[in-house]
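S.K.: Each chain, letter by letter, is given below.
2 protein chains.
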Amino acid sequence: MGKITVIGIGPGNLDQMTPKARAAIDAADVVAGFTTYIKFIKSIIGDKEVIGTGMMQEVDRCRLAVKAAADGRNVVMVSSGDAGIYGMAGLVYEIAFEYEVSERPEVEIIAGISAVNGAAAVLGAPLMHDFAVISLSDRLTPWGLIKKRAMLAAQGDFVIALYNPKSKSRVKNIEEIHDILMQYKSPETPVGIVRSASREDERKVITNLRDFTKEEIDMFSIVIIGNSKTFVKDGVMVTPRGYKI
Amino acid sequence: MGKITVIGIGPGNLDQMTPKARAAIDAADVVAGFTTYIKFIKSIIGDKEVIGTGMMQEVDRCRLAVKAAADGRNVVMVSSGDAGIYGMAGLVYEIAFEYEVSERPEVEIIAGISAVNGAAAVLGAPLMHDFAVISLSDRLTPWGLIKKRAMLAAQGDFVIALYNPKSKSRVKNIEEIHDILMQYKSPETPVGIVRSASREDERKVITNLRDFTKEEIDMFSIVIIGNSKTFVKDGVMVTPRGYKI
Chain A
1 MGKITVIGIG
11 PGNLDQMTPK
21 ARAAIDAADV
31 VAGFTTYIKF
41 IKSIIGDKEV
51 IGTGMMQEVD
61 RCRLAVKAAA
71 DGRNVVMVSS
81 GDAGIYGMAG
91 LVYEIAFEYE
101 VSERPEVEII
111 AGISAVNGAA
121 AVLGAPLMHD
131 FAVISLSDRL
141 TPWGLIKKRA
151 MLAAQGDFVI
161 ALYNPKSKSR
171 VKNIEEIHDI
181 LMQYKSPETP
191 VGIVRSASRE
201 DERKVITNLR
211 DFTKEEIDMF
221 SIVIIGNSKT
231 FVKDGVMVTP
241 RGYKI
Chain B
1001 MGKITVIGIG
1011 PGNLDQMTPK
1021 ARAAIDAADV
1031 VAGFTTYIKF
1041 IKSIIGDKEV
1051 IGTGMMQEVD
1061 RCRLAVKAAA
1071 DGRNVVMVSS
1081 GDAGIYGMAG
1091 LVYEIAFEYE
1101 VSERPEVEII
1111 AGISAVNGAA
1121 AVLGAPLMHD
1131 FAVISLSDRL
1141 TPWGLIKKRA
1151 MLAAQGDFVI
1161 ALYNPKSKSR
1171 VKNIEEIHDI
1181 LMQYKSPETP
1191 VGIVRSASRE
1201 DERKVITNLR
1211 DFTKEEIDMF
1221 SIVIIGNSKT
1231 FVKDGVMVTP
1241 RGYKI
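Top line first, the protein sequences correspond to chains A and B. Using my numbering, read the first sequence as starting at 1 and increasing by one per residue. Using my numbering, read the second sequence as starting at 1001 and increasing by one per residue.
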């Protein structure tokens, strides 16, 4: 019986991937994952077998990877950021559970620096306090539920981090969420947008709730909307924890 | 002018700290932080100067660290997990902002594996979807606001991660939150509790919403409460992303 180790490679540059994740790659015979993410680690893969994207969807790729592990290979499945946050960790378990226990490969999850942590570090300290993470992709989640979550998070004055805020084919979701947030949060609430955190093409913008949808946002962007205490000073976005200073 | 770099060391074992954070420690003259966390990295500090806890509170320790940087030293401020999530990142900025720009040390934040990511990896894949992170410590946050956030997160069927769920002097908060969550989530909702994720004394329990407060929980525990789709199988807690498999 082989093993499948699901790792998060962090924001993309090797110095933000943990030694534990790195060791899992080094030990693997087979590397599986979305081709874009595999490129980030190309320099350390060597001539290992790759199960990349091609025309395959996530489920088929994942099934191939789990099968390779069941067949005795040592497989590493790569997610960007953290595999446990909108990544491949859940799907690998779901597919592994299709095997009887006696036939099932071992599954291990190794945490990574998630996109929201990476983006926050680039902006300053925008999270710091209670926060909610919401994906605006309605491919796998009913749009009504996503809107409801945005509304409730805004009512609770959570810092809100948006994953998958926009794609070429999905441009209106963020406008609807903007309308909802404007009902509950001040239009002056600081908003940070980060794309490709800590990679060469990193871009960051700090603006406010009223205006943020005018900025360039795509599926690789993370949007962080402050709470009522969040402030911006000298280009840095900070949510105070509440210490008296 | 010196520099203060605020790093997250991850869950505590060195193989889950990023090379970037490690490099910041190596480059520093002075290491500041809560003594418990500094112990985790003792083997790599060497004979650098340490600004530890002693009897100092966070604010005083942070002030000393920022002053050392303003005086020209290269300081690294250590948080466990990620410094941007209930860590020292915000406070360092707030104190640095007390200095005029011309006197202010450079501040850099380096992301770490946050406690919630570390705990999730130990439990399986409990986050995976939209989630809310709430600290139950009411030292710096009004208790009414914390309860309101827990209620709204439960209404939104978020996966909910609780930081600081309980301490020796604060044992009732988690009971009140339990009562609130029971109003909106099924008593069978899976709940995972992890203490000292990926350290030698790691402990994990997977139980359900009805019963989880009977388990041993302390200030170093992370509690993750699933959404309505979360399931447990063969000792693993998984929240499906929604793929049709």
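Treat the hints loosely; a few may be bogus.
Below are the SDA-like pairs computed for lysine to any residue, each with C-alpha atoms no more than 20 Å apart in a straight line [unchecked claim]:
1) B:K1244 <-> A:R139
2) A:K233 <-> B:K1244
3) B:K1204 <-> A:E106
4) B:K1244 <-> A:K244
5) B:K1147 <-> A:K233
6) A:K147 <-> B:D1179
7) A:K3 <-> B:K1233
8) A:K244 <-> B:E1098
9) A:K244 <-> B:V1059
10) B:K1003 <-> A:V236
Quick caveat, the hints were computed from the structure, so don't treat them as lab data. Computed from a predicted model, the values in this text were never measured in an experiment.
S.K.: Compare the structure with the hints numbered earlier in the document and write down the numbers of the violated ones, lowest to highest.
M.R.: Hint check: 2, 4, 5, 6 fail, others pass.
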